[in-house]
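Enquirer: These are the residues of each chain, in order.
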Amino acid sequence: EDQVTQSPEALRLQEGESSSLNCSYTVSGLRGLFWYRQDPGKGPEFLFTLYSAGEEKEKERLKATLTKKESFLHITAPKPEDSATYLCAVQAYFGNEKLTFGTGTRLTIIP
Amino acid sequence: DAGITQSPRHKVTETGTPVTLRCHQTENHRYMYWYRQDPGHGLRLIHYSYGVKDTDKGEVSDGYSVSRSKTEDFLLTLESATSSQTSVYFCAIDGTGYNEQFFGPGTRLTVL
Chain A
30 EDQVTQSPEA LRLQEGESSS LNCSYTVSGL RGLFWYRQDP GKGPEFLFTL
80 YSAGEEKEKE RLKATLTKKE SFLHITAPKP EDSATYLCAV QAYFGNEKLT
130 FGTGTRLTII P
Chain B
122 DAGITQSPRH KVTETGTPVT LRCHQTENHR YMYWYRQDPG HGLRLIHYSY
172 GVKDTDKGEV SDGYSVSRSK TEDFLLTLES ATSSQTSVYF CAIDGTGYNE
222 QFFGPGTRLT VL
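Residue numbers (the numbering used here), protein chains in the order written: chain A, 30 to 140; chain B, 122 to 233.
Hint data in this document are derived by calculation from the structure and do not stem from the laboratory. We put the CB at the ideal spot given by N, CA and C, even for glycine. A hint or two may mislead.
Example chain B residues on the side facing chain A (calculated, C-beta under 8 angstroms, incomplete) [as the list claims (entries may be wrong)]:
1. His162
2. Gly163
3. Leu164
4. Glu200
5. Gly227
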């Protein structure tokens, strides 16, 4: 059974204080790992897809990296508007097109 | 904006009543999904569709049924709502089934 574990559950940072969010996964053949951002009362917003170990993708202050067992979402010099819940999901090669999601990390950036 | 709308956005109903949620897309994507999101569980797949009249079950499909008679619409029905189905329901779309999914704004359902 595919599993995704995100840590920490919640993280409070001062504005400008860089940090990383972790997504550990077990999957029977990784097709893709996805990062989403979710604001309160809204649907998840797609950020990145990573396909193979060693791959990195960047968007503004966010950088996602992937190893064979985990992914990190690095946040550099965050701003208050980066406050949100960040979700990680995996899709396996074998089986249907299902995404397995973690429970997310709730990030708060304090001005 | 991924061109997805959900209706209603909020609904309060009573145990035992039927409820239908609608997802509408303007992107002509083949794949459509229904998820529920609950504290401590993350997003869980209920049902999905890979074409008109082609649907399959997800991991939490008991108590739910779906229909897709047109590419743009995917309906989720709770035949007899229970309090355990109180949740936020999200629809998602995907062009190929193997790419990123784009989510709608959600429907908050409360079953009393």
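Enquirer: All the hints need checking, so say for each whether the structure fits it.
Expert: Evaluated hints:
1. His162: Since the shortest Cβ distance to chain A is 7 angstroms, the answer is holds.
2. Gly163: 4 angstroms, holds
3. Leu164: 4 angstroms, holds
4. Glu200: 23 angstroms, violated
5. Gly227: For B:Gly227, the interface hint holds, since the closest Cβ of chain A sits about 5 angstroms away, which is under 8 angstroms.
Violated hints amount to a single one, hint 4; each of the other numbered hints is respected by the structure.
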